[in-house]
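**Q** Given next are the chains, with one letter for each unit.
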Amino acid sequence: MTAIAEDARKLALGAMRRKRAMALAAPVLLMAYFAYVFVAFDVSGLVQRAKMDNAVILLSDAVSYKIHATRDNRSDALAVSVEGSRRATYPEDRIPDWIRQDGDRTLIELTDGHSVTYDGPRISYDHPDYGPIRITIGNPILLDLPQPGPVPDFINASDARVVVTTDAGRLTVTRTRTDTFRYFWGWELFFFDLQSPFHGMSAGTLAATVAGGERLHADRPNWQAVLHDFLNNSIWRHGDVFFAIGETALMAFLGTFGAAAIALPLAFLAAQNFTPSRWLRFAVRRVFDFVRGVDALIFTIILSRAFGPGPMTGALAILITDSGSFGKLFSEALENTDQKQIEGVQSTGANALQRYRFGVIPQVMPLLLSQLLYFLESNTRSATIIGAIVGGGIGLMLTQAIQTTADWEKVTYYMVLIVLLVIAMDALSGWLRRRLIKGD
Amino acid sequence: MPTVLPASARTVDIREEYLSLNRRKRMYGGILLIVFLAMFVSGFRIAEHRNAASLSEGFSRILDFPRDLVTEAWGNAANLPAHAARAFPALVETVNIALVSTILGCILGTLLALAGTRGLARWPRLIPLARRSADVCRAVPEIVIALVLIFILGGGPVPAMIAIAIHTAGAQGKLFSEVNENVDMKPVEGLASVGANWWQRTWLGVFPQVMPNYLSYSLLRLEINIRASAILGFVGAGGIGYELRNAMTFGQGKFDQAAAIFLMLFATIVLVDQLSSWMRNSLTRGRGAQ
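Each protein sequence line maps, in turn, to chains A and B.
38 is the number of the first residue of the first sequence in the numbering used here; add one for each residue after it.
129 is the number of the first residue of the second sequence in the numbering used here; add one for each residue after it.
It is possible that some hints are incorrect.
[What the hints assert, rightly or not] Only pairs whose alpha carbons sit at most 27 Å apart, straight line, appear in this in silico DSS-like list of lysine-lysine:
(1) A/Lys365 / A/Lys377
(2) B/Lys314 / B/Lys302
(3) A/Lys56 / B/Lys153
(4) A/Lys377 / B/Lys153
(5) A/Lys88 / A/Lys103
(6) B/Lys302 / A/Lys365
Since the hints were made in silico from the structure, they are not lab data.
Just so we're clear, the structure is a prediction, and the values are computed from it rather than from any experiment.
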């Protein structure tokens, strides 16, 4: 009796020792692997190479914008524009009120009591803590500081160029151009561009104009004009963006349902209880495996060569990849069907088609639909990236906006739209799943 | 629409009732089907219209590129091993990206799932927060995070790794919390009764129950992430995808390089899929034997 207890004790202790060794070895192995990856990915070098100022540019540009007041020093013409873009130049009569023109003089008020004055060749930057900085345009450009001593850090001066950078804004003076900009929070001209008569209206005024104001465009009612000006905003191009988002959703929709339509009949050929021929089953299954194994990336490349850029290419890439996965899933579902129901239907004298329709489909439908809807949601995400490769939908717009590395507010906008689309698809597929499957 | 018929109702009435119910059901089904088909066809038309080449044009050309690829690769078959050897480090990088991001993402996902499951969460008030953060991590496509990080960190494997890890954390957070919901609370309560703290209850009461499922889902995720890391390479993060894009942009004459990479990618994906399904099978078998 004691011998057995002794044996059991030994066994238990041994098992525990092994378990403890495993518990120790797993984290050690994991740490060793992470150390290897740390070296292989050159993480320490990356930390040094990382451009944190890029991150600052990105974040500040994503949430703020600049309005430039630019003067051509030769013609004395002043242009006020958003981000210095020619498409977003304020008309003479709608220049913001922090820029005041008085004959040849221009007074620009920045934040925190800073201000800039353009007066012919004499430019002055009034810094409340430091004093007025006077710059005279000529050859060379003269800089006159209010305090003796070295040139402070926020001024960068040479004979051809003076730049004053503060938190309130930035003044750049060259021989040909004088430019001041000031930061504002938010996304500039998001709803209406400067060409639209609705720009600058408050929400209340806009609602009143739509509800019963006099027509601002002769040929269409105000609500249509509002919609038209919004969708054709020359900076944000909302119409094109919405269309691109729709294209991405369309790729996912066509791809997923097309794949299901192709995979369902083939799945019967791969299911043991429907296809007696072993060879046929084997062949169809290997086709499914092959299609799943050849990655979506490879299909996308091959298809984009044949079909060129566009949503159809993306839809086909999704279709081909998913028909493999669906084929496997559906054929497994078919193999799990209950033969009794089919026999029951058969006993009423049903033909083959009726047997499938009333004996098989009702059994597999819930599983099929739920898989289909899961894939629809996940394919919306894939469609973004496939769009970036084949050149269609919001994926393309996103990569283009990122590559210009200047329009981070647009990148943010697209990102928000993509996330909203995915969440909407998720909600829709969840709702349909509940309605169609549990509701039955 | 359950209608209670009086016991005296004749079978004809029941029959009538049933048939009209059936007709209505069939009509709804038919309408749904027609709406769906109309959506599908009009969507198809739009996609066809917006595409550079139409469906028929494309299908006539679909084999051109594979044919070029195969003929060129066949002609330069002797070069294939050398090309494969040259691209091998990139392949290792792709696999590493997938593996690291799977591990990191699954660890994060475990934490999110624990924080987001009723009855197991350490701070029940934070459950909605944990769930919403998992949803957001899941919703953001990897490419978005990867491209932004490439701008800041420069090209290379790390942006892709972070992007995939974030998405994995969200996806696993959801799956794991579904597993957690089916946990038998008896061991946890037993541990609580002997004075175990939250961490001990979780470690000794919850993890032994959920671990096989967690591991199985993590292996499935590894299969997905191998593909994701290859595809992200194509848009600028490192690895085999990047090599593939370079080989493709060289175009005609360099297709043997692309062919070598295609083959390696295919082999890797099949290998990882097989390995993972074998490990998952042994997990479920091991569990059944106990």
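**Q** Evaluate each hint against the coordinates.
**A** Results for each hint:
no. : hint                : result
1   : A/Lys365 / A/Lys377 : holds, 23 Å
2   : B/Lys314 / B/Lys302 : holds, 23 Å
3   : A/Lys56 / B/Lys153  : violated, 59 Å
4   : A/Lys377 / B/Lys153 : holds, 25 Å
5   : A/Lys88 / A/Lys103  : holds, 22 Å
6   : B/Lys302 / A/Lys365 : holds, 24 Å
Comparing the model with each earlier hint shows a violation of hint 3 alone; every other hint is respected.
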